[in-house]
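Enquirer: Read off the chains here:
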Amino acid sequence: MISSTKVAANIQSSSPGSGGMAPLIELNEISHSFGTRPDLAARLAISLKFAKPAARVQAIDGVSLAVRRGEVLGLVGESGCGKSTLGRIVAGIVSPTRGSVSWRGKDMKALPPSERREAKLRVQMIFQNPYASLNPRRKAADIVGEAPRVHGLVGGDLGTFVDEQFRRAGLDPALKHRFPHQFSGGQRQRIGIARALAVQPEFLVCDEAVAALDVSIQAQILNLFMDLRERLNLTYLFISHDLGVVEHISDRVAIMYLGRIVEEAPSEEIFARANHPYTRALLAEVPRIETTKRGFAAIKGELPSPLSPPSGCHFHPRCPHAMPRCRTEAPRLKVVAAGHKSACHLNDAAV
Amino acid sequence: MNATVLEVRDLRTHFGQAKAVDGVSFSVARGEVLGLVGESGSGKSVTGFSIIGLVDPPGTIVGGQIVFDGRDITRSSREEMRALRGRRMAMIFQDPMMTLNPVLRIDTQMIEAVQAHENVSRTDARARARDALGMVGIPSPDERLQAYPHQFSGGMRQRVVIAIALLHQPDFIIADEPTTALDVTIQAQILAEMQKLVAQNNTSLIWITHDLAVVSRLADRIAVMYAGRIVESGPVSDVLARPLHPYTAGLIDSVPSRNQRGERLRQIPGMAPSVARLPTGCAFAPRCPRADAVCAQAVPLFAAGPREHRCVHPLPELRV
Ligand SMILES: Nc1ncnc2c1ncn2[C@@H]1O[C@H](COP(=O)(O)OP(=O)(O)OP(=O)(O)O)[C@@H](O)[C@H]1O
Ligand SMILES: Nc1ncnc2c1ncn2[C@@H]1O[C@H](COP(=O)(O)OP(=O)(O)OP(=O)(O)O)[C@@H](O)[C@H]1O
Ligand code: SF4
Ligand SMILES: [Mg+2]
Ligand SMILES: [Mg+2]
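Note that the protein sequences, when read in sequence, are chains A and B.
Under our numbering, think of the first position of the first sequence as 1, with each following residue one higher.
Under our numbering, think of the first position of the second sequence as 352, with each following residue one higher.
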């Protein structure tokens with residue numbers, strides 16, 4: 001039986017702005033491009049018309065996405081399609097060329113500086129490359145303990161606090177006085193995890209955060225993520241190539257291809273009824289533990305480049321179902337089932 | 352089976368107190384793919400560095416032998432090793448920036464890499480570089496050649512490094528976590544290229560990875576490392592279907608697809624030992640459900656046919 005107070009609480013918590021169903025972070029029509037700044041010789045060559053100016057990379061092309069409080073949104077996509085760039089935009093490390101990011105319903109850019117700093121601290125990112133993301137000149141203990149100390153988040157002794165952060169990430173605290181280069185790849189990744197969790201974030205951008213871990217430590221970290229979510233209502237943007245991990249941990253999944261979201265749906269739905277041809281190609285290639293050696297298939301069709309994205313649907317050069325319309329018109333994300341959106345012209349043709 | 356191309360005997364590579372690699376033995380035949388898996392921090396990368404002669408001080412090979420093509424290379428000079436690397440053997444590093452120079456354009460680096468071992472013109476070297484990028488699925492290779500490493504995504508950088516390793520078609524490759532940042536369709540493309548290389552040139556591969564599914568499809572044999580040692584090895588399908596060492600079994604059980612969605616994943620209890628303070632007996636004992644007093648004594652290597660392990664209480668052969 002559901003008591004009326006509970007129902008009232010539910011209704012209240014789902015009203016916008018109160019935090020329940022309202023997005024914690026919302027991306028609005030985000031686009032981002034990188035220009036390559038030509039060096040002197042290149043500028044000279046360009047001005048003398050010996051060379052063409054370098055192309056701009058359109059890394060993100062009109063992405064809108066909302067992440068609700070306490071939700072795990074999985075983000076999957078081709079290598080180079082813009083996932084890390086999108087993650088950096090969410091974490092406030094990169095400002096997008098176009099579009100806006102809102103934090104608890106308010107445009108980040110419009111926030112007063114103090115609130116913006118606070119919001120930035122609440123959103124932490126675990127970086128994809130565990131080698132490049134740790135300062136080589138700082139000891140592991142300082143890397144993990146610095147920000148919490150500066151922001152006054154450490155109650156008791158800093159040493160005890162750091163030990164606890166190490167243990168939680170599956171690292172032996174006895175190693176804390178080492179420098180990053182003295183750790184293995186997976187150990188460095190855990191330092192990055194400990195650093196991000198140490199400032200008690202509300203929102204965690206995990207960019208391939210468990211890719212360098214053996215499956216047992218991976219399980220330990222994923223269990224930790226799920227615990228933190230249950231206990232502290234932590235929210236995640238979980239970027240990963242490992243579809244088994246994404247399926248396990250995500251409530252919802254967004255699939256990206258060359259700068260655009262091509263499909264978005266609840267996790268079960270996407271793994272049971274993938275709609276977009278790219279998503280289906282991904283799912284078909286997921287390797288499983290096999291009992292006999294088996295060949296891998298090369299990609300059919302041509303890999304598109306973000307330097308000169310194909311016209312129309314970005315997937316058409318690789319798509320087995322491409323029609324003339326796919327080459328000219330970009331499909332829009334449309335609802336194909338409850339909570340399930342996909343950007344593919346086949347969905348129109350079917351009717 | 353083909354002739355042995357690499358034999359590692361009782362290799363010990365230490366960083367002062369830290370016994371990163373402590374008694375590793377294995378061999379690889381021509382045209383064979385060995386999957387090297389195991390605990391994070393167990394010495395997989397250091398094993399690779401030891402073979403190609405790139406252990407950074409204070410790390411030193413304090414014991415054992417590495418025999419490549421019948422020649423003991425354990426104490427070869429830097430020059431001899433440099434000549435061997437690139438043409439005969441190559442390593443794809445876990446950290447792409449160990450191969451790439453951040454201040455040089457990709458074309459400069461790849462052309463240099465070609466010309467370091469072969470007497471070819473710049474134009475030809477560039478064409479080779481472009482073809483290699485195309486082979487690993489980098490779109491617009493001509494334009495991308497003019498970019499700097501930081502302008503690439505994580506997975507694109509990995510693919511550039513794979514392309515560089517393949518430039519000279521070496522007959523022995525150590526690949527350290529080479530496809531972690533690639534989506535499964537591009538990963539499949541790279542693995543297909545690798546399989547072609549092995550089939551056509553009889554290349555030998557050591558494939559270091561955490562992805563047991565990839566190993567099951569790519570490798571002939573698998574070796575599982577824990578705390579500086581190989582604790583189990585054998586034909587890949589046998590080991591994954593019927594692990595003998597409890598650590599191997601624990602690993603397989605932790606794979607998400609073998610767990611209920613949304614439930615807590617099975618994990619091995621406890622924490623890996625620090626390689627600076629290893630116990631005398633089985634290093635896995637403190638975490639092992641089968642451990643007893645016997646495990647605290649030195650554990651010998653048990654061998655039955657192609658299967659080897661270091662456990663006094665191996666799992667029963669028939670495990671489902
Ligand atoms: N600093 C930069 N300068 C120029 N181009 C860049 C820069 N950073 C990223 N890019 C380009 O933007 C695109 C998206 O890169 P991003 O790192 O976001 O991809 P990704 O989806 O995270 O890929 P991966 O899965 O390989 O990590 C790529 O084409 C990349 O080359
Ligand atoms: N320069 C160093 N000084 C001291 N210890 C080191 C140094 N380099 C590596 N180690 C230690 O040696 C051990 C083996 O490291 P290695 O990089 O080979 O692990 P790995 O098996 O490749 O792990 P991962 O899967 O996390 O990459 C680790 O415990 C690491 O901490
Ligand atoms: S829109 Fe066309 S090209 Fe794009 S995925 Fe759908 S069918 Fe394929
Ligand atoms: Mg990335
Ligand atoms: Mg390693």
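Worth flagging that the hints you see were computed from the coordinates, not collected in a lab.
Accuracy of the hints is not assured; some may be wrong.
With a cut-off of at most 20 Å between alpha-carbon atoms, the simulated PhoX-like pairs for lysine-lysine come out as follows [unchecked claim]:
(1) Lys293(A) x Lys547(B)
(2) Lys106(A) x Lys120(A)
(3) Lys109(A) x Lys120(A)
(4) Lys547(B) x Lys300(A)
Covered, in the sense of this in silico footprint (three residues per stretch, anywhere, with C-beta under 8 Å from a C-beta of chain A), are these stretches of chain B [said to hold, decoys possible]:
(5) 532-543
(6) 563-569
Cβ pair distances, simulated, as ranges [said to hold, decoys possible]:
(7) Pro136(A) x Ala467(B): 40 to 48 Å
(8) Arg327(A) x Met622(B): 42 to 50 Å
(9) Asp142(A) x Ala354(B): 33 to 41 Å
Cβ coordinates follow ideal geometry from the N, Cα and C atoms, glycine included.
Enquirer: All hints are to be evaluated individually against the structure, with a verdict given for each.
Expert: Evaluation of the provided hints:
no., hint, result
1, Lys293(A) x Lys547(B), "14 Å, holds"
2, Lys106(A) x Lys120(A), "13 Å, holds"
3, Lys109(A) x Lys120(A), "12 Å, holds"
4, Lys547(B) x Lys300(A), "16 Å, holds"
5, 532-543, "holds (count 11)"
6, 563-569, "holds (count 6)"
7, Pro136(A) x Ala467(B): 40 to 48 Å, "27 Å, violated"
8, Arg327(A) x Met622(B): 42 to 50 Å, "55 Å, violated"
9, Asp142(A) x Ala354(B): 33 to 41 Å, "51 Å, violated"
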